[in-house]
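Novice: Sequence:
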Amino acid sequence: MDAASASATPEHRLRPDLPLIVLVAALLFAGSSAHTWYSARTAAEVATGAIEDRALRQADELAHAARSLATDERAAGLDMLLDTATAGDRGARRVLLLDRDARVVADAGADARATPAASLVPPSAPGLHVARTGNRLVVWRSLGEPAGSWLRLEYAMDGVWELHARVARASLLLGLASTALGVLVLMAYLKRTWPAGRDRAGQGRSLEIESLGQALREVSSKVREQEAVLTAVTKRLEAVLQHVIDGIITLDEHGRVESANLAAAHVFQYAPEELVGLPFDRLVPDFPLAHQDERDADPAPPLASGLRLEVSALRKDGSAFPLTLGLTEMRLDGRRLLVGTVRDITEQKRLDRMKTDFIAAVSHELRTPLTAIHGSLELLAGGEVEGISGKGRELAHIAYKNSGRLTRLVNDILDFEAMEAGTMRFEVSVVELMPIVHEAIEVSRPQARQKQVELALTAAATGARVMVDPERLQRAIANLLANAIRLSPPSDRVEIAVTPVEGRLRIAVSDRGPGIPEEYRPHLFEKFVQIDGADFRYKAGAGLGLAIVRTIVERLGGTVDYTSEPDVRTTFVIELPEVARA
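Residues in the sequence shown are numbered consecutively from 1, following my numbering.
Everything labelled a hint here was simulated from the structure, so no lab data went into it. For clarity, every value in this text was computed on a predicted model and none was experimentally measured. Check each hint, because a few of them may be wrong.
[Stated by the list, open to error] Quick list of the computed label-pair ranges, beta carbon to beta carbon:
1. Asp352 - Leu395: 32 to 42 Å
2. Val430 - Ile388: 41 to 51 Å
3. Leu181 - Ser124: 37 to 47 Å
Glycine is no exception: its CB is placed at the ideal position from the N, C-alpha and C atoms.
Start from the sequences and build out the full structure, keeping to the hints where you can.
Specialist: Spelled out as structure tokens, the structure:
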């Protein structure tokens, strides 16, 4: 009886400790599982954001390069362009160019021609579209030249899921090891509190504890192996980020720099650790994301994903330089973060300026001889020179017209460069608007008669006054009329309407020509922009008229915009502040 009591008592006293051990083990395992989920998700989201930003940037660069090729050169030269663009990037698996009928014009990359062309259907709306298909990130980018053409970029996402799986395995094994270690420590602690009788009863369990220790050692060994793998993956990812050509930064919800690679530090001439914590508006004062104190209740306003713009930035020494800034917004554990790319474009701007100066210099040298040639041809075409008649006069008239077109082009180039440089003088005064409009109409009548197009003034703001340079404003209106006449069908009508609208005067020029595709809206008022279409009327101009209109109108404190419904009606609208009548 005593022996039985002695052997039963320790077993009975062990039972109250068992629920405690089970509870601790459950809590430790739950915590490790939560850590596994968080770590894997964080690593996957950061990698996905970096891949998406890279894919968007490469799609933009390829689209710009494709548009720069002449229409008749695209079929021959685009394959080489795409193969070159994808050769150094393992993530870009395939790049295709599709025409307006969804036919593949060019196909490049590691997975080129892996999918039949018939199965590729572009989005219905133009612009930029991003989607995930299986383990691929697919970017569709409309080119607009020709209308309806598309660029399709496929980016591999295998590395994201591989990283997710590795982080999950390493974290889970680490959690299991922590759970086992915690249980072992708890059991060791409880063992020290047992009385001598319980120690004797526990001797029979030493084999179990030894087995548990052996299992713990095996788990710890596997955890160390997985930690080594995870460390290698992390180092490789860090090395890639530190050695890319473009600068990469991350911003927190308050507009402060959280991290920056070596390229970003080089752009701003800081050490990488010096950038961390800086308000981003100290680096890019023109950027609309205002710095906010961490105690502020409201975060910064939302920012559209995929933003790309040119801004003026500041280096550490305070010097300003031009910068291209690309930003992508993401949410991580409820936090709003921004992943950005930065690139110093000082050299690119210098080369652009050299090209512009060269064009202006050549144009300036051409102006004087062209004026003389144009005047001489006018005399020949007008019969002022004896001995020229019939076929000779007809050829002189054709040469006279072409020399006039060339003279206007040279004058447009020189005037636009003067406007951009700020050297063109504007003689501003308060004048009535309608005489300027009438003068622009009269200047445009010879072109209208030649095209058999009627110029109709449908509404007039008699007596309305504006503060403008009459000569410059007349030229802006005349440029709009010239475009409308050139694009109008023969025997059609161009309408001009001048109306007051809430303290402003609106000058509207409407035609029923082929219209303007929507994808040209962001760039229509830039210099040398022409619509790439089959209609020959688009090719008659030099691409400077609308750029000159915008420059003049904005210098006069006004705005210019347009609405267009292809083959129905296109209306360009100039709005200027009205001067109150005395």
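Novice: Run every hint past the structure and note whether it holds.
Specialist: Checked hints:
Between aspartate 352 and leucine 395, the C-beta spacing of about 40 Å keeps the proposed range 32 to 42 Å intact. Between valine 430 and isoleucine 388 the Cβ separation comes to about 50 Å, which falls inside the hinted range of 41 to 51 Å. One distance hint, 37 to 47 Å for the beta-carbon pair leucine 181 and serine 124, is violated here, with the actual separation near 58 Å.
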